[in-house]
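All chains should be built: construct the whole structure from the sequences, respecting the hints.
Protein chains: 2
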Amino acid sequence: MSLRICEIFGPTIQGEGVLIGEPTVFVRTGGCDYRCSWCDSLHAVDSAYRHDWEVMTPTEVWDEIVHLSDHRPLTVSLSGGNPAIQNLAPVIEMGQAAGYRFACETQGSIPAAWFGRLDTLVLSPKPPSSGERVVWERFEDCLKAAGPHTQVVMKIVVFDEDDFAFARATAASYPDLPLYLQPGNREVDPATPVNLDVAAKRLEWLVQQTLAAKWFRPRVLPQLHVMIWGNKRGV
Amino acid sequence: MSLRICEIFGPTIQGEGVLIGEPTVFVRTGGCDYRCSWCDSLHAVDSAYRHDWEVMTPTEVWDEIVHLSDHRPLTVSLSGGNPAIQNLAPVIEMGQAAGYRFACETQGSIPAAWFGRLDTLVLSPKPPSSGERVVWERFEDCLKAAGPHTQVVMKIVVFDEDDFAFARATAASYPDLPLYLQPGNREVDPATPVNLDVAAKRLEWLVQQTLAAKWFRPRVLPQLHVMIWGNKRGV
Numbered sequence: 001m002s003l004r005i006c007e008i009f010g011p012t013i014q015g016e017g018v019l020i021g022e023p024t025v026f027v028r029t030g031g032c033d034y035r036c037s038w039c040d041s042l043h044a045v046d047s048a049y050r051h052d053w054e055v056m057t058p059t060e061v062w063d064e065i066v067h068l069s070d071h072r073p074l075t076v077s078l079s080g081g082n083p084a085i086q087n088l089a090p091v092i093e094m095g096q097a098a099g100y101r102f103a104c105e106t107q108g109s110i111p112a113a114w115f116g117r118l119d120t121l122v123l124s125p126k127p128p129s130s131g132e133r134v135v136w137e138r139f140e141d142c143l144k145a146a147g148p149h150t151q152v153v154m155k156i157v158v159f160d161e162d163d164f165a166f167a168r169a170t171a172a173s174y175p176d177l178p179l180y181l182q183p184g185n186r187e188v189d190p191a192t193p194v195n196l197d198v199a200a201k202r203l204e205w206l207v208q209q210t211l212a213a214k215w216f217r218p219r220v221l222p223q224l225h226v227m228i229w230g231n232k233r234g235v
Numbered sequence: 001m002s003l004r005i006c007e008i009f010g011p012t013i014q015g016e017g018v019l020i021g022e023p024t025v026f027v028r029t030g031g032c033d034y035r036c037s038w039c040d041s042l043h044a045v046d047s048a049y050r051h052d053w054e055v056m057t058p059t060e061v062w063d064e065i066v067h068l069s070d071h072r073p074l075t076v077s078l079s080g081g082n083p084a085i086q087n088l089a090p091v092i093e094m095g096q097a098a099g100y101r102f103a104c105e106t107q108g109s110i111p112a113a114w115f116g117r118l119d120t121l122v123l124s125p126k127p128p129s130s131g132e133r134v135v136w137e138r139f140e141d142c143l144k145a146a147g148p149h150t151q152v153v154m155k156i157v158v159f160d161e162d163d164f165a166f167a168r169a170t171a172a173s174y175p176d177l178p179l180y181l182q183p184g185n186r187e188v189d190p191a192t193p194v195n196l197d198v199a200a201k202r203l204e205w206l207v208q209q210t211l212a213a214k215w216f217r218p219r220v221l222p223q224l225h226v227m228i229w230g231n232k233r234g235v
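Residue numbers (UniProt numbering), protein chains in the order written: chain A, 1 to 235; chain B, 1 to 235.
Hints in this document: simulated from the structure, not taken from any laboratory. Nothing here was measured: the structure is a model prediction, and the numbers come from that model. Among the clues, some could well be false.
Because identical chains cannot be distinguished in the list, a pair is counted as satisfied if it fits within a single copy or across any two copies.
Unchecked claim - Below are the DSBU-like pairs computed for lysine-lysine, each with C-alpha atoms no more than 30 Å apart in a straight line:
{"#": "1", "residue 1": "K214", "residue 2": "K201"}
{"#": "2", "residue 1": "K232", "residue 2": "K214"}
{"#": "3", "residue 1": "K232", "residue 2": "K144"}
{"#": "4", "residue 1": "K201", "residue 2": "K144"}
{"#": "5", "residue 1": "K201", "residue 2": "K232"}
This is the structure in structure tokens:
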């Protein structure tokens, strides 16, 4: 069995969501069933990049995680693209046996059988600005696949007021899922330096929207990695 | 019974530590047994400000929390100064009966009987750069006061390499406490705009220190409120 891997990098810190600040090795798989208008990882999504994706066995992926982390257990984030396309169960199994923890970031469009083995599953239903549409039956299937032992949280990116309305409606449908909101980032070119004042303003806007609505449930968080490293890859 | 209160403000988001991003009303009490060299809340610490502190009953404090949050339950952060100096039990009791959650931020120098009623206790032992010295017997007493039902986490501010060594040693003494590191901020004048590039560089430095040491236990987080609002008060 082989996996298509876009990149494996770290340790760095997780920049967003429930594990924000956590030392993490990222495994970014190649291939996605979505193509969001503002995708910040097109190199893992657009099949034009597929010749840059390495074909690796699960053992080769695991060996690289061990190498990068120098054999010291930490959190591994499976991201993409959509990692749910591929069978990452053997990587998770080898890692957990060695004390590593596994998180996965996915839009919730494809339920992988291995979601139930994860420590943390982050489901990110894509808001209207993405140009994609959530199929809620599949999202439900993802929740079922996670089962009772995996921590499941929801993360929603908010670019505008329509997205904010989507976040509110989605949150109402899933009252029991911990919820994380983050402002969208349209400046995704790795070569263009990020304007931190603009990034801070976007966060402030989302905080104000949330508090003005007297909506005290979600946590509102930035993308720390963008604040530290801009859109540079591999950090 | 009366409480000395420096300010009550919010809802805003918690800017740091385990509850980062969480909509929160802050109750900042007046008075402190420490005086850290880089204190960012001298208006709640220095007794020169004591005439600005309001004397309020617990009911008056609770009424203000309810007013600010418009009766909608959220997280209340008890901070200071050192909130452990005063008896906040009646406020916590009224709030929890109405579904509010309570967190407290303290250096861990004074064990308050009400720590065990909190949802979350954040203990921040002060590193060498503060000019203060931790009395570990008191810190232990704080852990005991928290008891088995309160989530206890440790947060350490790191200004320099000595502070980093302190964080590592302290972490080793308390292997079971979740640990949050944050870079120090010497620009605490409310009138001076914060330079976000400098703030991002401080965070990057601390991330690099932590990862270079192959130390994968702590989460490394910035002060979000400083990134959004600078050192402005009441946000």
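Hint check results:
no.	hint	verdict
1	K214 <-> K201	within (20 Å within a copy, 34 Å between copies)
2	K232 <-> K214	between (36 Å within a copy, 22 Å between copies)
3	K232 <-> K144	neither (35 Å within a copy, 45 Å between copies)
4	K201 <-> K144	neither (37 Å within a copy, 42 Å between copies)
5	K201 <-> K232	both (21 Å within a copy, 15 Å between copies)
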